[in-house]
Structure formats: structure tokens, C-alpha cells
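> With chain D fixed as given, assemble chains X and V onto it according to the hints.
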Amino acid sequence: MEIGRFPTVLESIDAAVSVTAFATGDLLFAIGAGDQVVGRTTWCRYPAAALRVPAVGDGLSPNVEAIAARHPDLVVLYRSQMNETAAEQLARLGIPTVTLAQDRLEDIAEAARELGRVSGHKAAGDSIGAAIDALLQRPPPAPLVRVTFVVWDNPPMVIGSGSYLDQLATLAGGSNVFHDLAAASATVSIETIVARNPDVILVLSDSTAPPAYSARREWRAIRAVREGRFIMLPADLFGRPSPTAPAAVAALRHSLEAEARK
Amino acid sequence: MSTVTPLLSVQRVTYRYPDASGDALRDVSLEIRPGEFHAVLGPNGSGKTTLIRVALGLEAPAAGTAEIAGRAAAAWSRRDLARIVGVVAQREDNLFPQQVRETVLLGRYPHLSLWGAERPVDRDAVTRALERCDALGLADRWIWTLSGGEYQRVRLARALAQEPSLLVLDEPTASLDVRHEMELFELVRVLVDGGGLAVLMITHHVNLAARFADRVLLLAGGQTAAQGTPRSVLSRETVERVFAWPVAIESFDGHPQMIPLRQPKEPA
Amino acid sequence: MKRWLGLGALVALALVSAVALGPAHVALSDLPSSAIVRSLRVPRALLALLVGGSLGVAGASLQALVRNPLADPFLLGLSGGAGLGAVLAIALHVAGPWALPLAAFTGALGAMALVYRLGLVGGAQLDPRVLLLAGVAVGAFSGAITTAIVSLAEAADLRNAFLWLWGGLSGASWDTVLVMAVYIPVPLVVLYAAARPLDLLALGEEPATHLGADVEPLKRRVYIAASMLTAAAVAVSGVIGFVGLIVPHITRLVWGHRHRALLPAAFLGGGALLLFADTAARVSVAPRELPVGIVTALVGVPLFAVLLRRWGARG
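Protein sequences appear in the order of chains D, X and V. Heads up: the first sequence runs through residues 155 to 416, numbered per the working numbering. Heads up: the second sequence runs through residues 2 to 269, numbered per the working numbering. Heads up: the third sequence runs through residues 1423 to 1737, numbered per the working numbering.
Please keep in mind that the hints were generated in silico from the structure rather than gathered at the bench. The reader is advised that the hints may include incorrect statements.
What the simulated footprint calls covered on chain V by chain X, stretch by stretch (three residues with Cβ under 8 Å from a Cβ of chain X suffice, anywhere in the stretch; the number is not a length) [unchecked claim]:
1) 1557–1571
2) 1669–1680
Estimated spans, in silico, between C-beta atoms of each pair [stated by the list, open to error]:
3) Leu137/X - Val1723/V: 51 to 57 Å
4) Gln1547/V - Gly46/X: 18 to 24 Å
5) Leu1585/V - Ala73/X: 57 to 63 Å
6) Ala1570/V - Arg377/D: 40 to 46 Å
7) Ala245/X - Gln1547/V: 33 to 39 Å
8) Ala285/D - Arg1460/V: 47 to 53 Å
9) Ile1567/V - Pro364/D: 30 to 36 Å
10) Ala366/D - Arg80/X: 49 to 55 Å
11) Asn351/D - Ala1431/V: 34 to 40 Å
12) Asp135/X - Pro1724/V: 44 to 50 Å
13) Ala1431/V - Val191/X: 47 to 53 Å
14) Ala284/D - Leu1600/V: 56 to 62 Å
Computed list of chain D residues with no C-beta within reach of chain V, every gap over 10 Å [said to hold, decoys possible]:
15) Leu247
16) Ser281
17) Ala284
18) Asp287
19) Leu289
20) Gln291
21) Asp353
22) Glu381
23) Asp390
24) Ala412
In this text the structure is predicted, and so the values were computed from the model without any measurement. Each residue gets a CB set at the ideal place from its N, CA and C atoms; glycine is no exception.
With the rest of the complex left out, here is chain D (with noise of 0.2 Å):
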């Protein structure tokens, strides 16, 4: 059985142990394996139901003997270098493991209907695949207001059209002003944010007061920040790709409509 690769011989999963921090933990979830999980990492918090499973340390860097030890039939892993090595030790104890790409929309729905497979939940996996491409295959409404993400203010970083985050804001019909950015996530000058003029500004954030920077002055140089145009994206919805990306989508919708109004 190759590592990383979904295996193709297991029929069903009675347990599954995900050690991604990302979707993998609610997309059992949603997929209606949520009794079948028997660990996943202490960041999974997504549905509060996942509250209740067991914590095998944190995404970045498994706890093999950690994760071994709640016997899983199927360990799923976040992609990453880390992860590679967890892997073939996982594989090295004969259990098996598949690592799943998590960065863009289009993962979310190939890991739906493979996962759905496995753990014998397949209509259910399928649904939810077939919901994302439904998704991805609408032409992207006339944008209509210019974004721009910033995710993090000491050095500037902002999102590019690598992250999942670009996708939902493209279909909820905002223009991503860093879109040329092939990365999902880069450290630009402040004077570049300035000079693409977006007219709001995307926060990942659960509260509704406005970032702490935007009272610094130098960012004040960006008009959204001067007109305190922000929106505020709440995690549960935004924090990582998710088979909420519909309700992701509308929600952002309807606040850049709000926008567009203004």
C-alpha cells in the first residue's frame, strides 16, 4: 500500500484518527464518520462535537506513538514535509495513512468523496464533493468591490490567488487586488496595498472591533483603512477550507453587497 495514497483496498474504517488542523477533522464530521474519529489534533474545534474525541497533540508535528496508540484503522495527515516523515513511521507500524492537500477549495471535494469511500459514508462524501465543484463550476459573478486579505500587519502580509481565501472571495464576487500573486500568502509594503487601492479590507477575525493597526498612522496612507472599510470574516466560516465554503461564500456575499451599496 503506498503511503499517501487513499487505500484502495480498504473496504471501511471503524476508526480513523485525523491529525490534520485543518478540514479533515469536520469533514468526517460532515460526512457522518463523527463516531468514527478517535483522535484528532488539540486545533480541531469544529463541530463542537469533535470536543469530545480524544487529542493527539497538535497538526504541525504528529504524535506518532500518541496517535498509534488509539489503534486507528486510517490516520489522515495535512501535506506537509513534517507530515511526510509521521507518515512512513505511521506505515513502518502498519497502519495506514494518507496525506491530503488542504489548500484550495478544489481539495476540499476530492477529499470529501475519498474519505466518504473509506469509511463507508460514501453518498454522504459524495454529496459534499459535489456541492464545492458545484461551487467552482458557476462562472464567478461581475466583481464587485476590490479586496484585498491582510492577514498579518508587522511585516504586512496579504493573500494570494494560492489560498482557498482568494477562491471564496472571486466567487462571492470580490476582486482579490493581490490576485497576481501566485503564493496563498505574501509579505508586501504597505505602498503596495496603497497603491492597489483595494476598497475593503478582509479580516479573519471573531470580533468586531477593527484591527489594531488601523490605528497606526503609516497604515492609515490606505484609504479602506481611513474609511474603517473592513469586513470581519468569523473562523468557523473562513478559518480554513471547509465543506462550509457554500455558506462561506454567501455570507461574504451579502457583506460585499452591503459594500458595494455604500
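Relative to the frame of chain D, chains X and V by itself:
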């Protein structure tokens, strides 16, 4: 007895280093006046360098007093003291490459104001100091190109650039060959005779000290073994006791010279 | 005299290019009126000058103090302390736009005090070799604590804090420039006043004492003033390496070792270097921006190798 205030006056000082088992100095006295060349002799560890440190106020004696120009040594600020006393220490580890003139100019520090630049009078003092040490020809050389003897002369020039009244030299000929040793002692004698300088020199070279110095202090185990003119100090009994080795004392040019005797070991 | 004119011209060129060039295209005729230039580029250029200058002077002073030409202001554990302070501020959700710089500054000062205390041997004497060792130890220790906090934490915020530590002038504003401009003159004056005694210290502590320098107070003053400059630099711009190490060497090649000339030259030289490096950081991969600490390393390391060869040849 001269009524001139001694430049350096150490009276019955006793000093012990922290955590040491014995005194480094016990009841030692020394007075130096202008125009006098004093040599301090003694075996290793007899307290010669300690005496200098106490005399210059760098260490506080447990007993006795140390005065420079009539004032307590410890009461002098470092800068003011440097205008009176020029010291050529045993070792110097010059980190950055310099030219000779630059390094001698450092000797003018005690005369410079905090913010002021070097003045013509300072440069003249440097030139004069180099002349007196017969080192003017080296003025533009880089110090790492100098021989040991040349470098010693440059260090001496730096001390002279301070325009001191008292020159303190700690083993200045330690690694020099015969020629440079003689040149240095002759130079010091000239500075004393011609310039009225006072000199205090620590040296291992008993015989040259006997020929050039006016007065000698012989230390042993931190105490004064003998003090006075070379002739009165360097008697056979005294020298043998202090250095724990049989010697003969011969006269050369009117000065006592120490000749260590052979002591072949019996074959085992 | 010509050397100073040349250096002045270099600084002027650095300032002009920092203001005229950038990822956003601003026509020359629009420069004076552009908001980008006035509120972003000019303060950033001035901050680069002040920070680079501070690091240059701190580096030159510390190299004289510890009698080691390989000393860098960040060898004394200050960057470790600053990083720890910053990470704690983020972890504890301390609010306010000045929270991060103040926390970094406090952390740096804490490290300075600790290293100073460790560097005191035999009661009151500061031993420069022990100082260096203590600095490395304190830096490593606080770095370890910082890494531990960050790896155990869940928020991406804390990992991003490390990016800040990499060094960058993106936090530049007129406020930051003002704070630096008011703060640095005192340590700079203290160090300039110590310039001549530092020349003496190059001969060794004993010869310096005999030439009239008060060595113990001198070492204390220089250590504290140089650390204060470095702490401020870290607080506003993270750890920007190599400036404090390289600039003194380059300026020594032209101005020699006399600190009364070397220190001002190191200030201007450090400012010019950081200005050029920051311009390169902003422009070379536009619209993205490189951390300026990377640029100074990329420029600094080959420069340093060249210098080492010349130095080695000198013996």
C-alpha cells in the same frame, strides 16, 4: 637630605591579595625624587609589580601610605595622575594596527580636553618624545613591522609624550637582546641626567641595574631585603640569601656585578 | 575631508533612492505631493538611517569594548530578550500599537541587565570575555524559551511574530521616527565622549588605566549605551544582522581606528547600508517584499569574506 617633595612616596606599606595566604608586601618603603633612577630587583613573586600597583593607587594597602607628589595616590584621578606618571607596563596587546605616530599620540590623552581636537602642541610633544627615544625615523611605520627593540622605544616615547615627571618601567628589557637592552638603559640614563626625569624600573637584570641605577630596592618575599646604593645592596651574603643561589660579586667600572656560580649536581 | 564628502554623498544618494524607488510607481514630478512618499517612504527612509546608524555605532563600540573585531551588537543576547518580550506580549494579548515595540525593548533591556550581571567578575569588574559568553548563553536561553512558547501555542499569530523578528522597517511611521530621533542622541553622545578612551582601551586595560582612562566606569558606560541603542533598534525593526558587524570594518578601512572619526563614520555608513538594503528589499521582488535582514546578510556575508581575506593577509 633633599627637601623637595618626593614624586613617589611609599611608607611602610603592607598588602595582601584577596584569598591569599600571605602578604604580597610587608612594611616596604620607597621614596623617589626628581633626577633619581631607582631599580627594583628581586626573584619572581617578590612583590615588585604589586609595589607599583600600590604606589600608583591601584590597590589600597592594608597598612602604610602611598603618595604621589605629596597627595594620597588613591586621591588622584586617573587622568591627573597620567600627567605626572608615565608607565610602560610589562605587556601590551595592541588590537588594532596603527602607525607609530598615532600610537604615541595616545600618550597625549591626559592633556586633551573632552571634546577638543589634538592641537599643534600635542603633535610637537609627540615629535619631541620620538626624538628623545631616537625613534623619529620610525614615525610613519606601522607598528606590526617593528622589531621588539623598536617597539619598546615607541612605547617609551608614548609614555614620554605624557610629559611626566616620573617614568615607571615594568621589565622593559624582558625580551630584548644585548644591544637593545644596553640602548634602553643608556636612553633611560640620558633621560634622567638630561631631562631631570625620575625613573622607577622593575628589572631582572641585576648587573645592568647596578651599573645604571642610582638606588636599588631588593625585595624578597614581599619584604625589603636591602635598599640603598647598588654597592651597599649587592653584597654576596644578601644576594645569595635573596636569590638562593651561590654568587661571586666582582667590581666592574666601579659597580658590583653578580656572577652566579656553577652548582653541578652529583651523578645519581 | 574628501572622505567625509564622499560618505555624505553616499548617504544623500541612499536617501534619495529610498524615497524615489519603491514597489508602487510614483513619478518623479509627483514625489513631493504623493501621500505614499510623505507618509510611507520618507519616514521609512529616515528610520532606516537612524536604525542603521545606531547599529553601526553600537557595533563599533562593542568591538572596542570586548576587544574582538567579530563582535556584533546582537551577540550580547539582546535579540533573544527582545524576541521573548515580543512573543510574551502577543501570547498575553497585550493591546495597543506600541505594545510590541515596548515589549521587545523591555525584553532586550532585561537581557542586557542579566548579561551585565553575569559579566561582573570579582565584584565590580566587567570582564569582556565573560560578557561575550554570557551574551551568547542568554541569547540561546531566551531563544529556547521563545521557541517553546511558539511551538506550544495554537495561534498563527505567534508564528508570525517570528517573521517580525527577522527584521523589517515596515512599521516605520513619523511616530516611530520621532521616538527614535528623541531617544538615540543620549547614547550616541555618551559613546562619542568615550571615543578617545576606547582608543586607549585597544592597548589593553592596564595600559589604558596608566594613560589616564577610568576603565571600569568606561566599560559600564559603553556597554549600557551600546545596548540601549541596540535595544531600540530591535524594538522598532526586529533583528537586522550584519550591519553592526560589517560597517565598523568597512569604515576602519577608510578612517582607521581612531574612534572620534570612526564612530560618526560608522553612523553614516550604517545608515547608508541599511537604506540601500531596505530599498533592495522593497523593490527587488516587487510586489512582494524581502525581510531586510536577509538582504543585509546576502550583502554582508560576501563583503565580510572579502574583508577577512584582507585582514588575514595583514596579520
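> All hints, please: hold or fail.
Hints and how they fare:
1. Using a Cβ-Cβ cut-off of 8 Å, 0 residues of the stretch 1557–1571 of chain V lie near chain X, which falls short of the minimum of three, so the contact claim is violated.
2. For the stretch 1669–1680 of chain V, the proposed coverage by chain X is satisfied: 4 residues have a C-beta within less than 8 Å of a C-beta in that chain, meeting the threshold of three.
3. The hinted window of 51 to 57 Å between Leu137/X and Val1723/V is violated, with their beta carbons roughly 44 Å apart.
4. Against the hinted window of 18 to 24 Å, the Cβ-Cβ separation of Gln1547/V and Gly46/X comes to about 23 Å, which satisfies the hint.
5. Taking 57 to 63 Å as the suggested C-beta distance range, the pair Leu1585/V and Ala73/X conforms, at roughly 60 Å.
6. About 41 Å separates the C-beta atoms of Ala1570/V and Arg377/D, a value consistent with the hinted range of 40 to 46 Å.
7. Separation of Ala245/X from Gln1547/V is about 35 Å and conforms to the stated range, judged on CB atoms against 33 to 39 Å.
8. For Ala285/D paired with Arg1460/V, a C-beta distance near 50 Å keeps the hint of 47 to 53 Å intact.
9. As the Cβ distance of Ile1567/V to Pro364/D is approximately 32 Å, the hint placing it in 30 to 36 Å holds.
10. Between Ala366/D and Arg80/X the beta carbons are some 52 Å apart, a value that agrees with the proposed interval 49 to 55 Å.
11. The hinted range of 34 to 40 Å is satisfied by Asn351/D and Ala1431/V, whose Cβ atoms lie roughly 36 Å apart.
12. Evaluation of the 44 to 50 Å hint for Asp135/X and Pro1724/V yields a pass: the beta carbon distance comes to about 46 Å.
13. Checking the proposed 47 to 53 Å range against Ala1431/V and Val191/X shows it holds: the Cβ atoms sit about 52 Å from each other.
14. One distance hint, 56 to 62 Å for the beta-carbon pair Ala284/D and Leu1600/V, holds here, with the actual separation near 59 Å.
15. Its beta-carbon lying about 24 Å from the closest one in chain V, Leu247/D satisfies the requirement of being farther than 10 Å from that chain.
16. Against the 10 Å criterion, Ser281/D stays outside the reach of chain V, whose nearest CB is about 31 Å from its own CB.
17. The claim that Ala284/D lies off the interface holds: its Cβ sits roughly 31 Å from the closest Cβ of chain V, which is beyond the 10 Å cut-off.
18. At roughly 29 Å, the least C-beta separation between Asp287/D and chain V is larger than 10 Å, which holds for a residue marked as non-interface.
19. The claim that Leu289/D lies off the interface holds: its Cβ sits roughly 25 Å from the closest Cβ of chain V, which is beyond the 10 Å cut-off.
20. Residue-level check passed: Gln291/D sits 30 Å from the nearest beta carbon of chain V, beyond 10 Å.
21. Asp353/D, annotated as away from the interface, keeps every beta carbon of chain V farther than 10 Å; the closest lies near 17 Å.
22. Annotated as non-interface, Glu381/D keeps its C-beta farther than 10 Å from every C-beta of chain V; the closest such distance is 14 Å.
23. For Asp390/D, the condition that its CB be more than 10 Å from all CB atoms of chain V holds, with the nearest at approximately 15 Å.
24. With a cut of 10 Å on Cβ distances, Ala412/D stays outside the contact zone with chain V, its closest approach being about 27 Å.
Hint violations for this structure: numbers 1 and 3, all remaining hints satisfied.
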